[in-house]
Amino acid sequence: MAKRIDVSGLTAFYGSHKAIEDISMTVEPRSVTAFIGPSGCGKSTFLRTLNRMHEVTPGGRVEGKVMLDDESLYGPGVDPVAVRRTIGMVFQRPNPFPTMSIYDNVAAGLRLNGKYRKAQLDEVVEKSLRGANLWNEVKDRLNKPGSGLSGGQQQRLCIARAIAVEPQVLLMDEPCSALDPISTIAIEDLIGELKEQYTIVIVTHNMQQAARVSDRTAFFNLAAIGQPGKLIEIDDTERIFSNPSVQATEDYISGRFG
Amino acid sequence: MSHAVMDQRPQDAVGPRPATLRQARLPRWAPLGIALGSAALAIATGVLADLQSRAQWGLIAALLFVATTFALTTAVEGVRQAKDRLATSLVWVCFLAAVVPLASLVWETVARGAEMFDLYFLTHSMSGLRDLQPGGGVYHSLIGTLQQVGLATLIAAPLGLLTAVYLVEYGKGKLAKAVTFFVDVMTGIPSIVAGLFVLSFWIILLDFGYSGWAGAMALAILMMPIVVRSTEEMLKLVPNELREASLALGVPKWRTILKVVLPTSIGGITTGVMLAVARIAGETAPIMLLVFGASSINNNPFEGPQDSLPYFIWTQFKAGNQYAYDRAWAAALVLIALVMLLNLLARGIARWKAPKAGH
Numbered sequence: 001m002a003k004r005i006d007v008s009g010l011t012a013f014y015g016s017h018k019a020i021e022d023i024s025m026t027v028e029p030r031s032v033t034a035f036i037g038p039s040g041c042g043k044s045t046f047l048r049t050l051n052r053m054h055e056v057t058p059g060g061r062v063e064g065k066v067m068l069d070d071e072s073l074y075g076p077g078v079d080p081v082a083v084r085r086t087i088g089m090v091f092q093r094p095n096p097f098p099t100m101s102i103y104d105n106v107a108a109g110l111r112l113n114g115k116y117r118k119a120q121l122d123e124v125v126e127k128s129l130r131g132a133n134l135w136n137e138v139k140d141r142l143n144k145p146g147s148g149l150s151g152g153q154q155q156r157l158c159i160a161r162a163i164a165v166e167p168q169v170l171l172m173d174e175p176c177s178a179l180d181p182i183s184t185i186a187i188e189d190l191i192g193e194l195k196e197q198y199t200i201v202i203v204t205h206n207m208q209q210a211a212r213v214s215d216r217t218a219f220f221n222l223a224a225i226g227q228p229g230k231l232i233e234i235d236d237t238e239r240i241f242s243n244p245s246v247q248a249t250e251d252y253i254s255g256r257f258g
Numbered sequence: 001m002s003h004a005v006m007d008q009r010p011q012d013a014v015g016p017r018p019a020t021l022r023q024a025r026l027p028r029w030a031p032l033g034i035a036l037g038s039a040a041l042a043i044a045t046g047v048l049a050d051l052q053s054r055a056q057w058g059l060i061a062a063l064l065f066v067a068t069t070f071a072l073t074t075a076v077e078g079v080r081q082a083k084d085r086l087a088t089s090l091v092w093v094c095f096l097a098a099v100v101p102l103a104s105l106v107w108e109t110v111a112r113g114a115e116m117f118d119l120y121f122l123t124h125s126m127s128g129l130r131d132l133q134p135g136g137g138v139y140h141s142l143i144g145t146l147q148q149v150g151l152a153t154l155i156a157a158p159l160g161l162l163t164a165v166y167l168v169e170y171g172k173g174k175l176a177k178a179v180t181f182f183v184d185v186m187t188g189i190p191s192i193v194a195g196l197f198v199l200s201f202w203i204i205l206l207d208f209g210y211s212g213w214a215g216a217m218a219l220a221i222l223m224m225p226i227v228v229r230s231t232e233e234m235l236k237l238v239p240n241e242l243r244e245a246s247l248a249l250g251v252p253k254w255r256t257i258l259k260v261v262l263p264t265s266i267g268g269i270t271t272g273v274m275l276a277v278a279r280i281a282g283e284t285a286p287i288m289l290l291v292f293g294a295s296s297i298n299n300n301p302f303e304g305p306q307d308s309l310p311y312f313i314w315t316q317f318k319a320g321n322q323y324a325y326d327r328a329w330a331a332a333l334v335l336i337a338l339v340m341l342l343n344l345l346a347r348g349i350a351r352w353k354a355p356k357a358g359h
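Protein chains in written order, with full-length UniProt numbering: chain A, 1 to 258; chain B, 1 to 359.
Chain B extracted, bound-state conformation (with noise of 0.2 Å):
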């Protein structure tokens, strides 16, 4: 390669090289200053146009947002800043439209279900009360779910752990390609089909009643493949060098996987199961066709109808007045509560049993 060719280069690339290394900047507040200006905006087009939809409020706002940004930094600081800045001005806009549908969703929750949220609704059942009727709570459902998702955990943690196992230390060839292919398919297994599957086999085949149990099994069918997948991923993480350590220590394999492996990805594992765990906890499908429902307390999940928390509020609008509409909106906050406590219980056990860095 010759000089000249060197020489030409970066001026073919870039253009010629500027005379100083300083240049004209934006001040720091204005991605800011643009934000607070377009949103203003925005509003006081939707406001003067009589603009009914605040959807439209806010993609006018995110519009002049990017538009004004894209410009102004073009004028000031020139082309390649201003594509940095749109880069920059997209990826805030869509993080806020990501953040508004979740913040709402919680607001909602906690501003109309707090209107019932007491303890006395915690620790009482609907037992004699008609669904037109004030007051009653959530305990039965409450102790549903927490058996239907506690005992379908039992079931399905152990298993899809295993099969996890099996896959990323000992599965190669026909077999693996097969289980791992079948995960796949049951992931995709609507809630409604794993429903039915366990109410013809286990209700219709082998007579067995309504209850806590049987919708357990369709939710451990839906809980396990996700076990598989996000334990498989975990275990993968775990760097060969430390099994090969182990190996060369003259450990055998059963024990370097429960004594190495396992342990160093405990904590992405109990986040995954968690994270099952939350998905199976809103199910209501099967609970509709295995668990029956029911409005007063029953602590056995093995006989006899139960109810569950999703149920609940499903019942619960379907009676639509304004005391089973509160009792609902209650009883969402009481499941999203449910879910982000056993969530911050996952982070705790992950954060508690992760590898230390410690000096």
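Next up, chain A with everything else stripped away, as it sits in the complex (with noise of 0.2 Å):
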């Protein structure tokens, strides 16, 4: 069910302010793939736009290409929402639906698409909770509301909810940073388990985070203030953290710069 995203000559703008300028890479599937760099270099703009979701932002908007497989995400013709279906997205702050129980939560993708029956509806929940590592923590208290959780918790049952709908990719924007450092670990148990079977990218601040979880690694960076972020390099994470190909990706990850 993973697929592969190619993103070539991607360009995008917020208003009249160019956010990234001319980014092109490709992600495998089944692996993970981490964005670092400092803050303002545009990688969570560019996450965005690999899932259309930069364009609910006023004024965003997008030039160049994104394929899925062979399939192209900005094609005339192409529906964003069924892009949104195809490729989830978890989000930096935990944010579930606060008026929903737990359960509901994670079955909102699917009620909210409108269709299910309760029996499936029973089963992916289930199967998501466990694919999460949240089972056994809520199976008892299913009905509670989704926001009495912990924090750490919270973000598990974003993920839940996430994979409910089984997308191919998942997208998480720095999934850990308002987390603990149990709840951190936890986390990232779940991206090493979940990447058997989906295409993962992830924005981090923490570069030992994108070094521990990360099969690839890109890092972004911007010239100057108000500059654009580009692409700097992409490359196996374990050459990225000993021998970068440029000087500047050596400096941010030795905390020379950023």
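None of these hints come from the bench; they were simulated from the model.
For lysine-lysine, the following BS3-like pairs were computed, each having C-alpha atoms within a straight-line distance of at most 27 Å: (1) B/253 / A/118; (2) A/195 / A/139; (3) A/18 / B/172; (4) A/139 / B/353; (5) B/253 / A/3; (6) B/259 / B/236; (7) A/118 / A/139.
Bring the two chains, given one by one in their own frames, into a single complex with the hints.
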């Protein structure tokens, strides 16, 4: 079910402001690709262009090409809703729906899309919560509100919610930045398990995390404040952290700037 | 920045550092004691100087309270604490000044309205009674108010809600700006103008007769901008992250609004609608122009004159005899109770529907 993403010459704008410029890369299926780089370099913006969430922001628009296997995401007649159903997203801050129970949160994707049967729904909810390593902690209180969980549990609930609709790619925008170390490790372990099935892209500010969880790492940077962010290089994680081919990458990783 | 500068700064700002952290404090009962003392002194002054107006007594008490607090605190605790207490005492005085009229209004209405207020009053109309006679009731007006306000809500709440959804979720550019501007203008429409508009359009131009429905249309015009404004604010409070979470699940925008945004804000929206209802329930001018008023029961809001509570109060006051005054006060009590019931209902719904943070 995992698919490859192929980006070529992608430039994204907020109104007249160019946020990222001319990015080309390939994201391999069944692997974890990490995006690192200083704040404001456009990692999150680029991530959001991969499932057309960028255009939800007023003034957001994109030039260039993103291919999911052999389908263009920005081609004519492509429904952004269908794109987002195929490419799921987990956000920086846990955002369970406050009016819904744990069960309803996980079921939300299916239910809000309209088609479900009760038995089928039960099955999907259990499978997704197990997939997110949360089942054992919440199985006795599925009808309690999702907002009553701890931050780490809420984030895993959001992951369960995202994988319940069985996407082919999972985008994660700094999923651990609001979490404590123990919850972070739980999420990282989960990412390791999820990559067996999904293509995963993760934005992180934590370089150790990128080194721990990812197979490939992309380094983004910007020339100056107000300039568009650019992809500096993408390579196997091991190589990026041991012997990068660009000096700026080495400077950033070794903490000489950023 | 050099160390010398750093060292000097706190001393320049707050004077020499005190030798000890402890300092003299007024006892905890001091504010209450000063308040009671000022009140007693003010009453004494009022009685001795034969001041007629109770407002003067209150003013003297307030000034005494603020001044004494400040003076005493300055003497005992120091200037900084005195300023703090000065602000606190001013806040208290303002709070009381705001509560007194409200409390006296409720007290006055309950005290005078209780005279007539009973089940008979609620279940009988003024049919066959002249305003000079005792007895009678408010049933016909209650029915009229409930029907007119209900119809107005049926028109204004969906229209206002959908307008607000448009403004917050879809509207951009000139159209949204224009809608916002005209909603603002509508908020300022005097109720008599709304009444005249419906009068000239519905009754004079289209030649329909007086009816509760005509009044409801005018009330809806008054209610709509309030609903739009309050709903808009509530929808803006819904975190964008929830919308994005839903969109990222591949949920279409309209379902996101229907299933995530509106349920999250339904409590606040209900409260807003109820406040708008409370606001129009007391309108008299459109009723005078469009519903005409009646002394007997008319259960059909689409045909013939009806009555309403504010209009009933006005006609009874105009009659100008003791029985009519009693009826007017009792009707005022009914109106206040009705609005309060609606508010309680709205709060109940808001609490029931609000996002829960249970464990």
